[in-house]
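Engineer: So the protein sequences, as listed, match chains A and B.
Under UniProt numbering, the first residue of the first sequence is numbered 1, with each subsequent residue one higher.
Under UniProt numbering, the first residue of the second sequence is numbered 1, with each subsequent residue one higher.
One or more hints might be untrue.
[As the list claims (entries may be wrong)] Calculated pairs, EDC-like style, for lysine to aspartate or glutamate (alpha carbon to alpha carbon, straight line, at most 20 Å):
1. A:Lys275 - B:Asp70
2. B:Lys65 - A:Glu274
3. B:Lys336 - A:Glu326
4. A:Lys275 - B:Asp216
5. A:Lys272 - B:Glu333
6. B:Lys173 - B:Asp95
7. B:Lys275 - A:Asp95
8. A:Lys336 - A:Glu211
9. B:Lys272 - A:Glu74
10. B:Lys85 - A:Glu326
11. B:Lys272 - B:Asp242
12. A:Lys65 - B:Glu110
13. A:Lys348 - A:Asp70
14. B:Lys97 - B:Glu74
15. B:Lys65 - A:Glu273
16. A:Lys85 - B:Glu326
17. B:Lys281 - B:Asp203
18. A:Lys272 - B:Glu274
19. B:Lys85 - B:Glu74
20. B:Lys344 - B:Asp176
21. A:Lys281 - B:Glu273
22. B:Lys272 - A:Asp216
23. A:Lys344 - A:Glu211
24. B:Lys117 - B:Glu333
25. B:Lys142 - B:Asp95
26. B:Lys272 - A:Asp70
27. B:Lys281 - A:Asp216
28. B:Lys307 - B:Asp136
29. B:Lys307 - B:Asp216
30. A:Lys65 - A:Asp242
31. A:Lys65 - A:Glu274
32. A:Lys336 - B:Asp136
33. A:Lys307 - A:Asp176
34. A:Lys340 - A:Glu74
35. A:Lys340 - A:Glu231
36. A:Lys272 - B:Asp70
37. A:Lys65 - B:Glu274
38. B:Lys275 - A:Asp216
For the record, the hints were derived by calculation from the structure and aren't laboratory data.
Source: prediction; values computed, not measured.
2 protein chains.
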Amino acid sequence: MVAQESALQSLQRWVPGLNLGQDTICMEFAGSPSVCVGFLRVLPFPPTSQKHALSTNSNGFVHVKNPHLDLLPEDILYHFDLGTKTHDLPSMFGDVKFVCVGGSPNRMREFARFMHKELGLEGDGNNITDICAGTDRYSMYKSGPVLSISHGMGIPSISIMLHELIKLLHHAKSRDVTIIRIGTSGGIGIRPGTVVITDIAVDAFFRPQFEQVILDKVVVRNTELHQELAENLLRCSNEINDFPTIIGHTMCTYDFYEGQGRLDGALCSFSKEEKFEYLQKAYGAGVRNIEMESSVFAAMCHLCGLKAAVVCVTLLDRLQGDQITESHAVLAEYQKRPQKLIAKFIRKQLSLCT
Amino acid sequence: MVAQESALQSLQRWVPGLNLGQDTICMEFAGSPSVCVGFLRVLPFPPTSQKHALSTNSNGFVHVKNPHLDLLPEDILYHFDLGTKTHDLPSMFGDVKFVCVGGSPNRMREFARFMHKELGLEGDGNNITDICAGTDRYSMYKSGPVLSISHGMGIPSISIMLHELIKLLHHAKSRDVTIIRIGTSGGIGIRPGTVVITDIAVDAFFRPQFEQVILDKVVVRNTELHQELAENLLRCSNEINDFPTIIGHTMCTYDFYEGQGRLDGALCSFSKEEKFEYLQKAYGAGVRNIEMESSVFAAMCHLCGLKAAVVCVTLLDRLQGDQITESHAVLAEYQKRPQKLIAKFIRKQLSLCT
Numbered sequence: 001m002v003a004q005e006s007a008l009q010s011l012q013r014w015v016p017g018l019n020l021g022q023d024t025i026c027m028e029f030a031g032s033p034s035v036c037v038g039f040l041r042v043l044p045f046p047p048t049s050q051k052h053a054l055s056t057n058s059n060g061f062v063h064v065k066n067p068h069l070d071l072l073p074e075d076i077l078y079h080f081d082l083g084t085k086t087h088d089l090p091s092m093f094g095d096v097k098f099v100c101v102g103g104s105p106n107r108m109r110e111f112a113r114f115m116h117k118e119l120g121l122e123g124d125g126n127n128i129t130d131i132c133a134g135t136d137r138y139s140m141y142k143s144g145p146v147l148s149i150s151h152g153m154g155i156p157s158i159s160i161m162l163h164e165l166i167k168l169l170h171h172a173k174s175r176d177v178t179i180i181r182i183g184t185s186g187g188i189g190i191r192p193g194t195v196v197i198t199d200i201a202v203d204a205f206f207r208p209q210f211e212q213v214i215l216d217k218v219v220v221r222n223t224e225l226h227q228e229l230a231e232n233l234l235r236c237s238n239e240i241n242d243f244p245t246i247i248g249h250t251m252c253t254y255d256f257y258e259g260q261g262r263l264d265g266a267l268c269s270f271s272k273e274e275k276f277e278y279l280q281k282a283y284g285a286g287v288r289n290i291e292m293e294s295s296v297f298a299a300m301c302h303l304c305g306l307k308a309a310v311v312c313v314t315l316l317d318r319l320q321g322d323q324i325t326e327s328h329a330v331l332a333e334y335q336k337r338p339q340k341l342i343a344k345f346i347r348k349q350l351s352l353c354t
Numbered sequence: 001m002v003a004q005e006s007a008l009q010s011l012q013r014w015v016p017g018l019n020l021g022q023d024t025i026c027m028e029f030a031g032s033p034s035v036c037v038g039f040l041r042v043l044p045f046p047p048t049s050q051k052h053a054l055s056t057n058s059n060g061f062v063h064v065k066n067p068h069l070d071l072l073p074e075d076i077l078y079h080f081d082l083g084t085k086t087h088d089l090p091s092m093f094g095d096v097k098f099v100c101v102g103g104s105p106n107r108m109r110e111f112a113r114f115m116h117k118e119l120g121l122e123g124d125g126n127n128i129t130d131i132c133a134g135t136d137r138y139s140m141y142k143s144g145p146v147l148s149i150s151h152g153m154g155i156p157s158i159s160i161m162l163h164e165l166i167k168l169l170h171h172a173k174s175r176d177v178t179i180i181r182i183g184t185s186g187g188i189g190i191r192p193g194t195v196v197i198t199d200i201a202v203d204a205f206f207r208p209q210f211e212q213v214i215l216d217k218v219v220v221r222n223t224e225l226h227q228e229l230a231e232n233l234l235r236c237s238n239e240i241n242d243f244p245t246i247i248g249h250t251m252c253t254y255d256f257y258e259g260q261g262r263l264d265g266a267l268c269s270f271s272k273e274e275k276f277e278y279l280q281k282a283y284g285a286g287v288r289n290i291e292m293e294s295s296v297f298a299a300m301c302h303l304c305g306l307k308a309a310v311v312c313v314t315l316l317d318r319l320q321g322d323q324i325t326e327s328h329a330v331l332a333e334y335q336k337r338p339q340k341l342i343a344k345f346i347r348k349q350l351s352l353c354t
């Protein structure tokens, strides 16, 4: 331990990019208390959920893991423009069973209308209104038990949405909720238009983890998605038999250009060969697509007892190029694929089809 | 060097959160070639700009630092729904002198209308149309030489926008462009409604740097903003004399809840006391406000020869609480403050006022 401490301190001196500090690197292992690597220290954070513990979760409620919340006289979900005093959240959201999230507000409105029809709800669904109309940070639509929410682009944007969504579902006393991110992505070594169901999200170094900065510490979180749900979704897609669908690792990056090895950004300091070497290494590590939200989505859902899946269509094969050049019509059809798959899944879950 | 290498390797074995790899930590120093800390190695990246080199920049064009761009037959700015073959970028944007960016699309539309009036342009400005209407990722409006663009929330979201904006300005051959982020933030130890002009962006560990992952390496970038521009803006605010304005450090985080020490997220593993200790430490390090975009904004603008400023109003004092509880009317007035300040600055630059 002394040797480790001294190695840490010596590293810190000459790697300004690190500045580790005391107790900086912490790990949250599934099913064990959080411990800090470096200086072993138990955090006040409760044990994270067991793998597949969700299926044995006795009450099915969404967990918030924050002892301070109960002390708040009112909880304002600022980025949704909703609150516990201004809105009757249990009556608005108590019946939610499926939450579908995606980057683009327009796409999520389209999805809500599509689900309205697929579920055979009254009316044509074109009058569905944005529940978050008081803000332009996110859009939210409800079609029966299905909530559709936009989350913008990137980890920080989806993370704000997830904090407020998880609190919303908690305040609403929603039970047995399944959450699915339906998005777009870049593929690696697979045909454009292929739908990838994520088994685990990995970072830019192909590590199956998400690093969350909490105060001045880095906590490492589990990024596994729900295995049974992923397999169930793959079966649904095989039944549709309309487009290729696979299960694979998804790489989640903080950046679309330099961070994904693109040669067409405003900044690029690497060669074509270095780019290919990196993407081939990703392929070898099991990565089949790249996007920008899956890791924090997996980590937060895992911690809060939400059965979660990530289902993204690939708009291009990054081994063939960087620019998205397909026609608008082709891209629009690709983007419908995860929606079709999820609609089939939800209808089956609700016994509206076989 | 051998000792350092062995310390790195031993660290890597027992700190799964690090996985440094060879050549992982790189530094880009202002005015010197990029070097890797750990294994000294010159990257193919060109030297970054000197401090204040912008003022001596001879042609005033926006730099892209990507040798591959010239080889593209067409550059599709996907998230703007613009392109070099489909749009005449020089005639659309060649006269741009000021770019103002902010998170919310509605706020940036309001700002464009406001600038339309402030600049005395023809018409009432209410018919200004979204140049990026073909996509809902970003919104863009033009009022004479002023471009207003929304960037969503968080580093990844603004970074995509900046890559495409910098390429757009490059293709358009715009010259002598000043770019200003006008946003909202949480204050530390200052009165809500105070406008903070950033001198330097720091990360969650109070380090004046931005870490960019490029392929499997971490490159550290300079996050200084343009000092003369900041001072100029402060003088403008003193002339308005309508609201408190200061120059200070801005902390830029990847997360709004745990990453900013909030006690009201879905997840919180720290005590009230630990939160205060962290925020006090930030205050002691010169941090006066916290937001989620300034570091990558400063780093990218610095590298590409854009004179850049960050001007954010504070919506609350984080030492007093975490929830944004002010009335809609008060918040709306606060959000107008950076806009008023920038309008004054632009009018002065264009000699429309003294």
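Engineer: Look at each hint and say if it fits the structure.
Structural biologist: A quick look at each hint next to the structure:
no.	hint	in the structure
1	A:Lys275 - B:Asp70	18 Å, holds
2	B:Lys65 - A:Glu274	17 Å, holds
3	B:Lys336 - A:Glu326	41 Å, violated
4	A:Lys275 - B:Asp216	10 Å, holds
5	A:Lys272 - B:Glu333	50 Å, violated
6	B:Lys173 - B:Asp95	9 Å, holds
7	B:Lys275 - A:Asp95	35 Å, violated
8	A:Lys336 - A:Glu211	32 Å, violated
9	B:Lys272 - A:Glu74	18 Å, holds
10	B:Lys85 - A:Glu326	15 Å, holds
11	B:Lys272 - B:Asp242	34 Å, violated
12	A:Lys65 - B:Glu110	38 Å, violated
13	A:Lys348 - A:Asp70	37 Å, violated
14	B:Lys97 - B:Glu74	25 Å, violated
15	B:Lys65 - A:Glu273	18 Å, holds
16	A:Lys85 - B:Glu326	15 Å, holds
17	B:Lys281 - B:Asp203	13 Å, holds
18	A:Lys272 - B:Glu274	47 Å, violated
19	B:Lys85 - B:Glu74	6 Å, holds
20	B:Lys344 - B:Asp176	19 Å, holds
21	A:Lys281 - B:Glu273	45 Å, violated
22	B:Lys272 - A:Asp216	15 Å, holds
23	A:Lys344 - A:Glu211	34 Å, violated
24	B:Lys117 - B:Glu333	18 Å, holds
25	B:Lys142 - B:Asp95	10 Å, holds
26	B:Lys272 - A:Asp70	14 Å, holds
27	B:Lys281 - A:Asp216	10 Å, holds
28	B:Lys307 - B:Asp136	28 Å, violated
29	B:Lys307 - B:Asp216	30 Å, violated
30	A:Lys65 - A:Asp242	41 Å, violated
31	A:Lys65 - A:Glu274	42 Å, violated
32	A:Lys336 - B:Asp136	17 Å, holds
33	A:Lys307 - A:Asp176	8 Å, holds
34	A:Lys340 - A:Glu74	39 Å, violated
35	A:Lys340 - A:Glu231	16 Å, holds
36	A:Lys272 - B:Asp70	14 Å, holds
37	A:Lys65 - B:Glu274	17 Å, holds
38	B:Lys275 - A:Asp216	10 Å, holds
Hint check: violations occur at hints 3, 5, 7, 8, 11, 12, 13, 14, 18, 21, 23, 28, 29, 30, 31 and 34; the rest are consistent with the structure.
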